[in-house]
Structure formats: C-alpha cells, structure tokens
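> Produce the complete structure using the sequences and hints provided.
Letter by letter, the chains look like this.
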Amino acid sequence: MDYVGLLVFLGVMLAMGGLFIVLNALLGPKTPESMEDYPYECGVPLYDQNAQSTFHQGYYLLGLLLLLFDIEAAFLFPWTIVYKHLGIFGFVEMFLFVVILTYGLLYAWRKGALNWQFEEERF
Amino acid sequence: MSWAKEEVFLELKERFPGLQVEVKPHITSLHITKDRLVDLLKALKDELGFKLFIDHSVVDFPDKPVRFMSFYILYNVDRRERVVVKTWTDGTLPSIERLWFAGKWAERECYDMFGIIYEGHENLVRAFLWETYPYYPLRKDFPLEGYANAFLPSLNEVLRGDELIGTMNYDKMHTPVPSLEDLEITEKRRLKKRAQIVLNWGPLHPGTHGTMWFLFDLEGERVFQCDVILGQLHRGVEKLAENEMYNQFLVYTDRMDYISALCSNQAWVVAVERILGIEDLVPEKAKYIRTMMSELQRINSHLLWLGTYALDLGALTIFLYTFKEREKLMDIIEGITGARLTIAYPRVGGVRMDLPEGALEVIKAFIKRFPKELKDWEDILTRNRIWLRRNIDVGIISKEDVYFYGLTGPVARGSGIPYDIRKLEPYDAYPYVEFDVPVGERGDVYDRYLVRLEEMRQSLRVIEQCVKALENMPKGAPYFAESPDPKKLKLSLDGIGLKVPEGEIYSSGENPRGELGFYIYSTGGVKPYRVKIRPGSLYNLCIYPKLMQDRVIADAVTILASLDPVVGEIDR
Amino acid sequence: MYVLLTNLLTIVVKILVILAIVLGIGAYLTLVERKVAAHIQRRPGPMVVGWHGLLQPIADGIKLITKEDLFPRYGNKFLYNLAIIVALVPAALVFALVPFGPEFELFGMKIKPILTDVNVGLLLFFAFGSLAVYAIALAGWASNSKYALIGSMRKAGIIVSYEVVITFAAMGPLILAQSLSTYQIVQNQIDQRLWYVWLQPIAFVVYMFALLAESGRIPFDIQEAEAELVTGFTVEYGGMKFGLFPLVEWYIETLSLCAIGVVLFLGGWSPINIPLVGFFDPLFFLGPLSPFLWFILKVSLLFLFVLWLHWTLPRYRIDQITSTAWKVMLPLTLINLVLTAVFAPLVW
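Residue numbers (my numbering), protein chains in the order written: chain A, 49 to 171; chain B, 2 to 573; chain C, 9 to 356.
Mixed in with the good hints there might be a few duds.
What the hints assert, rightly or not - Restricting the straight-line Cα-Cα distance to at most 25 Å, the calculated cross-link-like pairs of lysine-lysine (DSS-like) are: (1) C/75 / A/78; (2) C/43 / C/85; (3) B/365 / B/376; (4) A/78 / C/85; (5) B/500 / B/25; (6) B/329 / B/469; (7) B/424 / B/329; (8) B/35 / B/25; (9) B/6 / B/46; (10) B/489 / B/528; (11) A/78 / C/71; (12) B/43 / B/400; (13) B/325 / C/43; (14) B/400 / B/329; (15) C/335 / A/159.
Just so you know, these hints were derived from the structure itself, not from any lab.
If you want it as structure tokens, here you go:
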C-alpha cells in the first residue's frame, strides 16, 4: 500500500512528460525551412556530419571506481540502520571494511586513476 | 627616435654584398635581394637581436617591372631599435615561418590579398577570404567596388519581383558571398582531421567575443590541433585607406578596434603628424587631452575585457559591475566628444574641439571612485580559489614565444617583457607623465589578468597627471596646431587638402590590445598610396593554436579571453 | 471500502500538491532566480509583465509552448524524446519522499504530509538521483550535436564523482537516525533534540557541494557552460522541450536536494534548535501551521544560498571537479563516517 501513491504519481508524471513532448507539435507554428533542422555548430557547415562517433573521455577509470564504491555503499546502508544493535562488533567490522575501502582509494590515487586521463600517444 | 642607425649594420654589409642601408628620418630600411632575404632576416634575428617580429606585407606597384615591394618590420627589444627589411618580387617569396610564426600568418594575409606565393609555407591558405574566391583584392588593379558578378537579390526583391520602384530598386548583382560548399572547402583545407571529431567553435559563439571561427580537432575534450578561419568581419579597411583622404580614414580606425576607438585614432593621427613632420607643432593642450582620452579609453576597454572574461569563466555578476563603471566612462567620453563608440575625436594637428565646461571635474570624480570599485572586483576574483585554479598555469607564454609569435601589449608584458610603445617611443603627452609598466613573471593567464588590472591603475595615474596639467593651462589655450606655412601645408579641422609629402613611415601606438602600427607609403597627394595596419590582436591571436595544444575546451575560453582579441581589428 | 476511498483521495490530493510544487513553484523559481540575480547585479530584473514581473513565468511558458517543434537532422528521435521523460520523472518522484510536516488530523483522519513514507526512502532518493544522468546522456547523444555530446559527457563525469560523495555524506546522519525513512529521520532529530548538522558539519558541507554538482549549479555548471558549449546538452532542443531541462535541473532537482538536505541535516520541519536543550519556535502563534512554515523557510534559505553562489562564483573545469570529489570530498566523508560511528552512542 505504501507504494501505491508512488506508482500513481509515476503514471501522472509519465503522462506529463508525454504532454511536454507533444505540446510544441500541437501549439507551435509549422513553417518548414530547408536549413532549420541543421545541427547547430555556430552557423557554419559541419566538418563531421556525425557526432555519434567515438568520444574519448578522461574519467573512464573513475567510472569503474564509482561502480566499486556504490556497491560498497549499498553494503553500508543496511549496516547504518542496525548499527545500534550490533554494538562493538559492528563497529570493528565496519571499520575494517572502511579501511579496506580507503586502501583501495589510496591505491587508485597512487596509480593516478583519480587524475584526468589523457592518453599521451600522438597520432 | 627608435630607428636603427647605419653603423649597426656595417658588419652585415660585408657579409651580404647586395645589402643597401637607407636611413631616413622616420624609417631605416635594408634593401636585399630575394634569394638572400631569409639569411639576412636570420642574421638580424640571431646575431643583431632584432628578435621581435612586428609586421610583414607588400606594396603593389603595377607599373614597375618588378611589381611587389615586400617589407618586414623587426624590433630589437634590448636596444629599442626598429628596422625595415625590403625586397622586390614578382609574385613569389621565401617563407619565414621557421623564423617567426607570426610571419606565417602575415604571409597568409599577403597570399590572400596580393596573391604572393610563399615557397616553403606549410599550409598556404587564404587568411580572410574563402578558398574559391578568384581575386586578390588589395592589388591596385582590383577596383574598390569589387566585381559584382553574383546574382543576390534582396528578400524584398525576391518576394515582390520587379514591382519595386524608385529608390528601392537596387542592382541585383552583387559581389559574391561564399556558399556552404565554399565554406566547406575552406574548412577542409584549413585543417586535416587527425583525432576524433572536429568541432566548429565560432563564428557565432558566445565564447569567441566576436565572429571568429575556430576549428578544434578533438580527442574527447582535449584539443589535439586547432586553427582559425578569419575574415567574418573583413571590410577591406586597407583598400579603403588607399581611396580616402588622411582625415577621412580617421573614422575607419574607429571601426577597427571598436572598443578602443580613441587609442586607434590617436595612433593614426600621430602617424600622419610624424610623416608631415608637425609632431612638435601640436599644442600641448591637445597632446594632454589626447593622452587623457586614450587612457580613459584604455580603462574602458580593459573593463569590457574583465567583464567578459569573468563571464566566460562563469562569474556572471562581474560583467554587470564592470559595465556599470564602463557606462560612466562612456558618458564622460560622450560628454567630451559627442560620441560613445566610434569617436573620431583627435585630428591631424590637435583635437576636434576643446574640453567642455566641467569635464575635468567629472573625470576627477571618476578617478576618485574607481579604485574602490576595482578593489571590490578583485576581492571577488583575485584570491578566489576557483579563479586561481582556472587561471594559474594555463596558457603559459614564454619570453621566446613572445618574440617568435610577435606578441605585443599586455600579452607580451604578462610574460615579463616590458614592451610598451608609450615608454619605448613616446608620443603625445606620454613623455611628460609618470607611469609604470607592469610585467608578469610566469606568463600564464593569471599574470595577464593581473597585468591588465594594474594597467587600469596606471592609467588612472596618467589621467590624474593629465587632469592636473590641463587645469593649470589657461582657458583659451589652443587645441589645434597652426601651420607654419599655410601655402605648403594646409592644416584644418576637416583636413581637406592635407597633402602629405612623398615618403614612408611606420609609426605605432600602444592600444589596449597591443601595438597598433600604421605603415604609410605616400607618393605625395591627399591620399596614401598604401596603408598597412599592424593589428595587435591578429598577432596576439596567432599564438592561440599553440596554446590550445593539449588543453581542454574549458581552457579555450580562458586563453582566448586572456589574449583579448577584437575581431574588427583582426579582420580589418 | 470507505477506508480505501479516503486513502485514494488523500493520495490524489497529495499528488496534486506535489504537482503544484513541481510545476507551479518550479516555474516561479525562475522568477525568483532572475530577481535574486538581478539584485545581486544591481538591476531590477523582470519588471514589465505583471507587478514586479509576477506574470513573467507564465509569459515565458506561453512563449515556450508556442514555439515550432524542431528535430535536429541526423538525430535519434526516440532517444531524443525519451530524454525528456527520463529527465522529468525521477526528479519529480523525489518529492514523493519529502516530508513537508508532522502528522496531523483532518476530519478525524491521521494524515502524514508525505506521499510515500517507506522504510527505504533515502535509497529511493539516491536511485532517482542517479537516473538524472541518463536524461542528460541521452539528450546529448540523441541530438547529434558535438556541443550536446561534450556537455552530456561532462555531466556524466560529475555524476561519476559526486554520486559516491553524496551517498557517503548522507551516511553520517543515517547512523545517528537509525532509519532510512525520511519521515523517521526528522522525527528522530526532534526526539533527540538535535539537528544533525551540529554533529555532522563536514557531511553537511560535502552534501552542499554535491548538491551544487548534481543539480549543475555554478561552480559546477560545466555541462551547460554558455561561454564554452552554448548551453551544452540542450543545444538542439527547442520550445518547451528546451524549457524543461533547466526547469528540472536548476529548479526541481535543486529544490528536492535542498529539501532532502533539510531533512537530513536541519531537522526537517522542526523550529530553531539549540543543541541538547530543545527547540525554540518564534512562530508558535501559527499553531499547527508553524512546522510547515519552518520547512518551507529552511528549504528556501538553502535554495537562496545556492542562488547566491551561482551568481557570484566562477566555474570549475571538469578535471578539477572530479579530482576535488575523489581526493578531498571522499576521504573527508570516510573519516566522517568512522568518527560518527564512534560518537553515535553518545546521541542515542
């Protein structure tokens, strides 16, 4: 029963999103011009027609670290809730866990994974 | 004056048999044949210390057997001397891009405007016009109005057909404009893609401060290589100069660097006065007024720079603050000259009119309040950690780079080279006033920022001294020069009939964006034969592709704004 | 049957209230922002449409919905439109988890002013928060514009860094509260007579940083960065489709993050707290309305703080943002977590 509200709300918002999508098509003027859908690149012809090609990004390793840390966070969430009942045992457990986590972070730091990744190779 | 003496070149004369040294009051030229040109320039650069590249262009003489006279202006920073190297050619020249990178851009311009082919140039493309344009517009045989051979009716003409009557019925044939295909050819010629995607950055982009078209070859967000396509604002000012009288051309200098019109006016007026030999006849009052006005303009220009620079880095509010102060300055300038943007206030021989009543009081009030405002902005920015991280160690320009790329103005001073025309070759009232030339240490973006801020304070000092001097002058003091011999030299406010004797001169002024130089070649008469404008912005911009190597797009705005180019001056 | 109907009715009313907040207040926050920005910059801001520009958001809305519908050449239409839904829905759903005030009685019914009070409330909040990045990534990819692509990649970089930080920052208060339910967290703060910000200053500061980063506010607004990317991932969107992205990112998301921040650190709807002594309520004369007003007040103050930063600071560069997150923020939150675990028994 708790989630009914959320589900109803989800439905309402989906409808809302759909409305936003069609709103302009319904209310806006329709005056097609030959160049109006040309991708915006400061008003000059495109050098590359396609932008959906390979794109090097400098935080690939950070993405991997995010996965690790988010999973670890998922482990820690239940622990935070029941920590009161676990007592000293829970603290030691968590402490070790966080230490290992920190060690992992330090290792990544040392290896330079936290820096922005630029490949040094020249073309 | 700051031209090299003949004895400097004695040793060179022995090594280069054909070398002729010609010393005139306003210019020292070395004449050399084309085949020894590069050797001579190399010797001048490496041995005699003429390290700073100022300018290069050609003068077209269609009637002479050898058609083009090309000249290279160099500067010796240590001995404060300038020299011009000249050579004659029929259409080809050796490229000097290995000696000075700035020469590469100057050569592109000459290729574009005169059709000179440079042998050994790495990528000889047109600087301002599109690749498929068939003419060379600055040649003397190209008509001023161009060739109207493209059918370009206006929208009215398209919609209403031939029904347009009377004054609206214009000629439908116009000079050609580039089509999309032409532009595509231009951009493909400019840059060969070697990384992942090529991004057009500009011409219609808020970060470029004007209509500059950059091509970034990107690998991710890192700029792998970069080039610039200029000419979106090209108006052929140099061509116009050849067809206008000396005072008429004054208004075109307004429209070059439209943010510092008064400084450009001053540089032009001083250049003409020098070639006329009446620099000393200009009354002191006019000199002080000009100096004061151009310093006001310098603050005005730096304010615009500061505002847009902060805006580019995301500090949105500083922009409005600086524009508020700038508005006050504009009002002061408007009150004195009657115009806000394109001012044309100085005249050959003085200024257009006397200061109005109370002008000095308003200026005094401004310079009293301004340092407080400046400090406010510095509180927000100068020690701000984000600001420091965005600025420090970004876009470092070494001293060698300054010479190699022909940088001037605050960009050169930010790298620790005290190159300031106001000190090196003082004009107007600059010899009489005291001010310091701030220089940077590291040569990064942050240093340039500090240099410009300090320059505003120094400008205030100059203005203060000018105001004091002007207050002590009698009220009816003349503000326009009297001709010593009205029959020979006709000096008037409108400048009609102002004849300039045969000769040539290179004279420059310190603009807020760098050295603005005018090379005037006069064959006598009321119009110059050739005017080459040395735009500080263009040569300051030419280091940009190098600075952008391996930087990310976020730094593109930082570095570009720190070079502070104005497109009106780059394209002319 | 009767119970079910009344339950449904309350749900409908709550949804209507939240919708009003999301769309109405969200839209009016544009006016607030413009006014705040204007006064920071010594100018009056919108003054023409309505009294002091009060009708400005409506005028903007009408303008936006009557624009021509454009779709960029070479783009992917399905993803292009999907991005809008993915942007709007999770950002709005977060409001289902915000407790606006204490339980009250109306017509003999006990009503909690929160749409879904579940025992995993905060987990849901983080889940919805993570979804925001998909909208931007999709928008950037589908519009086939390089500016949009770069902008969306930058946003992904921010999320990659600050998702972890915000999770770990929120863990401190969770240990103290022993609950994941947003309603319960506030209730515990009232029971313990302590705003958690007093014990968790580091976590609060880190949370504020992450708030700015996740909602794309200066100094972290690099995915838009007008001067570099001409509004980044929204470049190819037009009309209301364009209007939706800033609305979601800058207003709805910021507002929801502020609200959750108030819940976690500033004691939700409780009045001013003096640590370990109790609460002091200058608004006592409003009776049962006072908690709601306190909640609104705190959220608005946080929101104004965000605006203040936005219109004052310059922006970071992407590599500086990620390195700050991993090298400064994350170690700080880890230390904070251990310290909290040590001192938590003192509070219980």
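> Determine for every hint whether it applies to the structure shown.
So, going through the hints one by one against the coordinates:
With a CA separation close to 9 Å, the supplied pair residue 75 of chain C and residue 78 of chain A stays within the 25 Å bound. The hinted pair formed by residue 43 of chain C and residue 85 of chain C fails the criterion: a straight-line CA distance of about 36 Å is larger than 25 Å. With a C-alpha separation of about 18 Å, the suggested pair residue 365 of chain B and residue 376 of chain B falls inside the 25 Å cut-off, and the hint holds. Proximity of residue 78 of chain A to residue 85 of chain C is assessed by CA-CA distance (about 18 Å); at most 25 Å being required, the pair is judged to hold.
For the proposed pair residue 500 of chain B and residue 25 of chain B, the alpha carbon gap of about 19 Å is at most 25 Å, so the pair holds. A hinted pair counts as satisfied when its Cα atoms are at most 25 Å apart, and residue 329 of chain B with residue 469 of chain B qualifies at roughly 21 Å. Among the hinted pairs, residue 424 of chain B with residue 329 of chain B is inconsistent with the structure: their alpha-carbon atoms are about 28 Å apart, more than 25 Å. Of the pairs offered as hints, the one joining residue 35 of chain B and residue 25 of chain B holds, with about 22 Å between alpha carbons and a cut-off of 25 Å not exceeded.
Taking the CA atoms of residue 6 of chain B and residue 46 of chain B, the gap is about 16 Å. The hint holds against a cut of 25 Å. Taking the CA atoms of residue 489 of chain B and residue 528 of chain B, the gap is about 16 Å. The hint holds against a cut of 25 Å. The suggested pairing of residue 78 of chain A with residue 71 of chain C holds, with an alpha-carbon distance near 15 Å, which does not exceed 25 Å. Distance hint between residue 43 of chain B and residue 400 of chain B is fulfilled; the C-alpha atoms sit about 18 Å from each other, no more than 25 Å.
Of the pairs offered as hints, the one joining residue 325 of chain B and residue 43 of chain C holds, with about 18 Å between alpha carbons and a cut-off of 25 Å not exceeded. Simply put, residue 400 of chain B and residue 329 of chain B have alpha-carbon atoms about 37 Å apart, too far for the 25 Å limit, and the pair is violated. A distance of roughly 13 Å separates the Cα atoms of residue 335 of chain C and residue 159 of chain A; the hinted pair therefore holds under the 25 Å criterion.
Taken one by one, the earlier hints fail for this structure at numbers 2, 7 and 14, listed in ascending order.
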